[in-house]
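**Q** Sequence:
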Amino acid sequence: MKLNVVAAAIVALSAGFASAQTVVTIAHVGPTSGAIAHLGKDNENGAKMAVEELNAAGVTIGGAKVTLKLMTEDDAADPKQGTAVAQKLVDAKVVGVVGHLNSGTTIPASKLYSDAGIPQVSPSATNPKYTRQGFKTAFRLVADDAQLGGTLGRYAVKELKGKAIAVIDDRTAYGQGVAEEFSKAVVAAGGTVVAKEFTTDKATDFNSILTTIKGKKADVVFFGGMDAVAGPMLRQMKSLGINAKFMGGDGICSTELIKLGGDAIADNQVYCAEAGGVEAGSTYEKVQTEFKAKFKAKFGAEVQVYAPYVYDGVKLMVAAMVKAGSSDPAKYLPVLAATKDYQGVTGNITFDEKGDIKNGALTLQTVRGGKLTKLAVIR
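The numbering of the sequence shown is this note's numbering, which starts it at 16 and goes up by one.
Any given hint could turn out to be false.
Said to hold, decoys possible - Below 27 Å or equal to it, Euclidean Cα-Cα: the simulated DSS-like pairs (lysine-lysine) are: (1) Lys369 to Lys151; (2) Lys330 to Lys369; (3) Lys126 to Lys95; (4) Lys144 to Lys346; (5) Lys231 to Lys260; (6) Lys63 to Lys80; (7) Lys232 to Lys173; (8) Lys330 to Lys151; (9) Lys232 to Lys176; (10) Lys144 to Lys199; (11) Lys176 to Lys231.
Said to hold, decoys possible - Simulated restraints on C-beta separations: (12) Ala79 to Ala218: 43 to 53 Å; (13) Gly132 to Thr365: 14 to 24 Å; (14) Leu255 to Lys338: 53 to 63 Å; (15) Lys232 to Glu294: 35 to 45 Å; (16) Glu174 to Asp220: 28 to 38 Å; (17) Glu174 to Asn70: 43 to 53 Å; (18) Glu68 to Phe213: 34 to 44 Å; (19) Ala204 to Thr365: 26 to 36 Å; (20) Thr365 to Lys386: 31 to 41 Å; (21) Asp367 to Lys338: 18 to 28 Å; (22) Ala71 to Lys338: 14 to 24 Å; (23) Gly77 to Gly132: 10 to 20 Å; (24) Glu305 to Asn258: 32 to 42 Å; (25) Asp343 to Thr365: 16 to 26 Å.
In short, the hints are calculated from the structure, not lab data.
Glycine is no exception: its CB is placed at the ideal position from the N, C-alpha and C atoms.
Using the sequences and the hints, build the whole thing.
**A** Next comes the structure, spelled out in structure tokens:
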């Protein structure tokens, strides 16, 4: 009788262990608190949507059915909190991370993931350094600042005919990086940078630097930073009578900028480039339209910027596990690195030897009638 009880206990324990083994935990990290929490929540929702769809469809890895679990963490767009969260995920032994949103958190966290051998797919970090550290675990789904800043710099000179261009950055890894690439491209295109000013990613008063820029008679102002700062900056530009064109990278290319800037934004005044994008009339345009409709129906909110890239990042990672027949990072990492022609909602995904997306697209946009309007998709 005692033997039967012991045997039953062993069976129960074994069943419990088997059940535990069927749960595969993937993490998402982004700033879900602070000034750009709207962007972090947008990303987190993209991850939730992907995991829910995969679980509903059923996922089999190495012959066993698995349940995907999403572990979500808030890095508050702060490098110190970002590394603390990364260590927490390493200790939790997650099998992959989709995030972080900002370059300033992504880069320091990437060292911890690399040391632990955990694959990291960033949906939005654009500073080139991220994939140039030699880490085999780092992947990026969007074009980097060299492409983004360079494209905007050339556009400022060639298309907007900027004669006196002012550059402001928020001193973050992202803001500084994209501003530097923009400035280099302006000079290379024959333009003139008349002022270089600095602020922070938490600033609200820009009168001093804007007054300096007004004195330089700038006709184009570029801001390397995020929408939470750009919106109030546009309002102060209007109050100071600065009628310059306003440019920025993907950090300002959001519907939130329009809310924050309000009537300070005139038609065809703001120009931004979003990393990623699909050409009009392509199959992917229809796919993205359907994704955005499904996203809004589920979360009651419009896609801000990066949710589709997070969605693709999660599904891409799981596809690599399925193909490798294992969720062990050491086993599926080579398959992830060899990703070629993966058909995501954001387009065709192929990684190069550094982990960067090949032939990454950029979408140039302006604001008209209180809405972001696509100008062109450039590769």
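**Q** Against each hint, give a clear statement of whether it holds in the structure.
**A** Evaluated hints:
1. In summary, the hint linking Lys369 to Lys151 is supported, as the alpha carbons are separated by about 8 Å, within the 27 Å threshold.
2. At roughly 20 Å between alpha-carbon atoms, Lys330 and Lys369 fall within 27 Å of each other, so this suggested pair holds.
3. The straight-line distance between the Cα atoms of Lys126 and Lys95 is roughly 13 Å, inside the 27 Å bound, and the hint therefore holds.
4. In summary, the hint linking Lys144 to Lys346 is supported, as the alpha carbons are separated by about 26 Å, within the 27 Å threshold.
5. At roughly 14 Å between alpha-carbon atoms, Lys231 and Lys260 fall within 27 Å of each other, so this suggested pair holds.
6. Of the supplied pair hints, the one linking Lys63 and Lys80 holds, its CA atoms being roughly 19 Å apart against a limit of 27 Å.
7. Taking the CA atoms of Lys232 and Lys173, the gap is near 19 Å; set against the 27 Å cutoff, the hint holds.
8. Between the alpha carbons of Lys330 and Lys151 the distance comes to roughly 19 Å, so the proposed pair stays at or under 27 Å and holds.
9. Of the pairs offered as hints, the one joining Lys232 and Lys176 holds, with about 14 Å between alpha carbons and a cut-off of 27 Å not exceeded.
10. A threshold of 27 Å between alpha carbons decides the hint, and for Lys144 with Lys199 the separation of about 17 Å falls inside it, so the pair holds.
11. Between Lys176 and Lys231 the CA atoms are separated by roughly 16 Å; this keeps the pair inside 27 Å, and the hint holds.
12. Checked against the given bound of 43 to 53 Å, the beta carbons of Ala79 and Ala218, roughly 52 Å apart, stay inside it.
13. At roughly 23 Å, the beta carbons of Gly132 and Thr365 sit within the given window of 14 to 24 Å.
14. Between Leu255 and Lys338, the C-beta spacing of about 56 Å keeps the proposed range 53 to 63 Å intact.
15. Taking the beta carbon of each, Lys232 and Glu294 are about 38 Å apart, inside 35 to 45 Å as hinted.
16. Range check, Glu174 to Asp220: about 32 Å between beta-carbon atoms, so the 28 to 38 Å window is met.
17. Take Glu174 and Asn70: their Cβ atoms lie about 46 Å apart, and the range 43 to 53 Å holds.
18. Taken as a hint, the range 34 to 44 Å holds for the pair Glu68 and Phe213, whose Cβ atoms sit roughly 43 Å apart.
19. Against the hinted window of 26 to 36 Å, the Cβ-Cβ separation of Ala204 and Thr365 comes to about 30 Å, which satisfies the hint.
20. Restraint check, Thr365 to Lys386: a C-beta distance of roughly 32 Å satisfies the suggested window 31 to 41 Å.
21. Against the hinted window of 18 to 28 Å, the Cβ-Cβ separation of Asp367 and Lys338 comes to about 19 Å, which satisfies the hint.
22. The hint said 14 to 24 Å for the Cβ distance between Ala71 and Lys338, and at roughly 20 Å that hint holds.
23. Taken as a hint, the range 10 to 20 Å holds for the pair Gly77 and Gly132, whose Cβ atoms sit roughly 18 Å apart.
24. With their beta carbons about 40 Å apart, Glu305 and Asn258 fall inside the hinted range of 32 to 42 Å.
25. Separation of Asp343 from Thr365 is about 24 Å and conforms to the stated range, judged on CB atoms against 16 to 26 Å.
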